[in-house]
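Chemist: The numbering of the sequence shown is my numbering, which starts it at 249 and goes up by one.
One or more of the hints may lead you astray.
Restraint ranges, calculated between C-beta atoms of paired labels, are given here [said to hold, decoys possible]:
1) W529 <-> D278: 38 to 46 Å
2) H583 <-> W421: 14 to 22 Å
3) P356 <-> P558: 35 to 43 Å
4) Y281 <-> W421: 48 to 56 Å
5) N473 <-> E570: 15 to 23 Å
6) Q338 <-> E440: 13 to 21 Å
7) E570 <-> E279: 29 to 37 Å
8) E279 <-> S439: 25 to 33 Å
Distance condition first, Cα-Cα at most 25 Å in a straight line; then the derived SDA-like pairs of lysine to any residue [unchecked claim]:
9) K531 <-> V541
10) K325 <-> S289
11) K325 <-> G305
12) K531 <-> S289
13) K531 <-> D474
14) K325 <-> S369
15) K531 <-> G489
16) K531 <-> A587
17) K325 <-> P566
18) K531 <-> S516
19) K531 <-> A499
20) K531 <-> H505
Think of the hints as simulated: they come from the structure by calculation, not from any bench.
Every value quoted in this text rests on a predicted model; they were computed, and no experiment measured them.
No residue lacks a Cβ here, since even glycine has one placed at the ideal position from N, Cα and C.
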Amino acid sequence: MLTTAISIATLLFGALLIQPRLSERRIKIDERYILTTTEVSGLPPSTLAVVLDRRQGMNQDDFHYRLLELVLERSGKPHVLGLSETIQPQDEAIAALAHGERDPLRNPQRLSVGVYGAGASLNQRLRAVPIPVAGGILGLRAGWSHREEHPALQTIQTAEELRRIVLLQGLGWSDVEVFDASGLRTYTARSEDLFRLVDNRRVHFFPRGITELETEHPVVRSTTNDTSLDPHLLLAYPFAGFFYVGPNNQALAEAIHTGFERAIADGSYQHLLEQTLLTPWLKRALQLSDRHVIVLSNPEAALALAEVNPRHWLVPWPELLEGSITSGAQLCERHHFQALCEP
């Protein structure tokens with residue numbers, strides 16, 4: 249009995265010591281960037297209440313938040329912007345948005361906007377602002393692999409040849425549907441196991457959006473021995489995130505659309521991309537001009553992406569899909585990619 253009591257007391261004491269450390273590891277959110285339900289209720293009717301669905305790890309420095317801040321400023325409409333008070337699963341957030349920002353029972357956080365992968369079914373539930381938040385860059389994928397896999401990956405030139413290897417993705421990720429549609433072999437696993445599987449050569453290639461690589465690099469360096477960024481392949485498939493608002497929130501949709509158009513026209517959107525996504529680190533690590541491009545189709549998103557004005561794409565999808573662009577060097581000739589290619 250005494251031994252048991254001592255053990256329990258030790259565990260409780262240890263938990264108290266550990267908890268502050270765990271709290272320190274969470275992304276800290278400055279309360280100034282949270283828009284509470286009380287604050288939303290107190291806004292005048294003429295002011296747009298903009299509560300952005302907060303995802304795991306997001307704070308005021310996140311690209312989506314900074315982009316929304318930019319386009320709302322450019323819109324000229326009176327508004328108050330903030331992140332949601334808490335994080336909830338994406339399907340719950342979408343359901344809340346679908347009920348509208350004025351329904352406190354079904355949308356208790358008063359969410360009014362989120363960024364989600366464009367899709368036909370989502371377009372039926374919510375009102376989309378059909379301008380890709382990153383111009384299609386999210387559809388460009390380089391990958392982590394074991395160093396000894398690099399020579400074999402260098403020999404792959406077509407989608408058909410990709411079928412020789414096993415790709416890795418997380419459980420429930422939408423990319424798996426893209427790979428399945430192209431007949432590729434995909435192994436899915438829990439997030440905490442992904443880099444271990446690469447380092448143990450259980451899989452050959454772990455494709456990631458190029459803008460995700462910089463944040464993952466320290467994790468790869470600290471948790472693996474022989475995993476590195478494959479220097480040869482760049483997978484490309486049409487993919488975009490849209491700003492989505494409630495189905496009846498036309499005023500906010502129009503403000504975002506107007507501000508986005510103005511930010512594109514005055515160059516501030518491109519500047520934000522280069523400041524937050526197309527960074528010097530990515531330029532050094534990616535070596536875009538040396539990569540071979542393999543294009544895959546994305547049938548699930550095709551209908552939704554058809555609504556996008558061609559001038560809103562930064563990625564030249566028509567040329568990629570028709571096969572006239574097959575190398576990173578050709579992408580480097582495009583103005584929007586020069587930040588990743590200049591000497």
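Chemist: Each hint needs a verdict: does it hold in this structure or not?
Modeler: Hints, one by one, checked against the model:
At roughly 25 Å, the beta-carbon separation of W529 and D278 lies outside the given 38 to 46 Å, and the hint is violated. About 31 Å separates the C-beta atoms of H583 and W421, a value inconsistent with the hinted range of 14 to 22 Å. The hinted range of 35 to 43 Å is satisfied by P356 and P558, whose Cβ atoms lie roughly 40 Å apart. For the pair Y281 and W421, the beta carbons lie near 28 Å from each other, so the given range of 48 to 56 Å is not met.
Remark: the range hint 15 to 23 Å for N473 to E570 is contradicted by a beta-carbon distance near 41 Å. For Q338 and E440, the Cβ-Cβ distance of about 19 Å falls inside the hinted range of 13 to 21 Å, so the restraint holds. With their beta carbons about 50 Å apart, E570 and E279 fall outside the hinted range of 29 to 37 Å. Distance hint check for E279 and S439: the Cβ-Cβ separation is about 29 Å, which falls inside the suggested range of 25 to 33 Å.
Between K531 and V541 the CA atoms are separated by roughly 17 Å; this keeps the pair inside 25 Å, and the hint holds. Between K325 and S289 the CA atoms are separated by roughly 18 Å; this keeps the pair inside 25 Å, and the hint holds. For the hint pairing K325 with G305, the CA-to-CA distance comes to about 29 Å; that exceeds 25 Å, so the pair is violated. The straight-line distance between the Cα atoms of K531 and S289 is roughly 45 Å, outside the 25 Å bound, and the hint therefore fails.
Restraint check: the Cα-Cα separation between K531 and D474 comes to about 22 Å, which is no more than 25 Å; the hinted pair holds. For the proposed pair K325 and S369, the alpha carbon gap of about 30 Å is over 25 Å, so the pair is violated. For the hint linking K531 to G489, the alpha-carbon distance of about 23 Å falls within 25 Å, and the restraint holds. For the given pair, K531 sits about 7 Å from A587 by alpha-carbon distance, which is consistent with the 25 Å threshold.
At roughly 35 Å between alpha-carbon atoms, K325 and P566 are farther apart than 25 Å, so this suggested pair is violated. The hinted pair formed by K531 and S516 meets the criterion: a straight-line CA distance of about 20 Å does not exceed 25 Å. A distance of roughly 39 Å separates the Cα atoms of K531 and A499; the hinted pair therefore is violated under the 25 Å criterion. Restraint check for K531 and H505: the C-alpha separation of about 30 Å exceeds 25 Å, so the hint is violated.
The structure does not agree with the numbered hints 1, 2, 4, 5, 7, 11, 12, 14, 17, 19, 20 stated previously, though it agrees with the rest.
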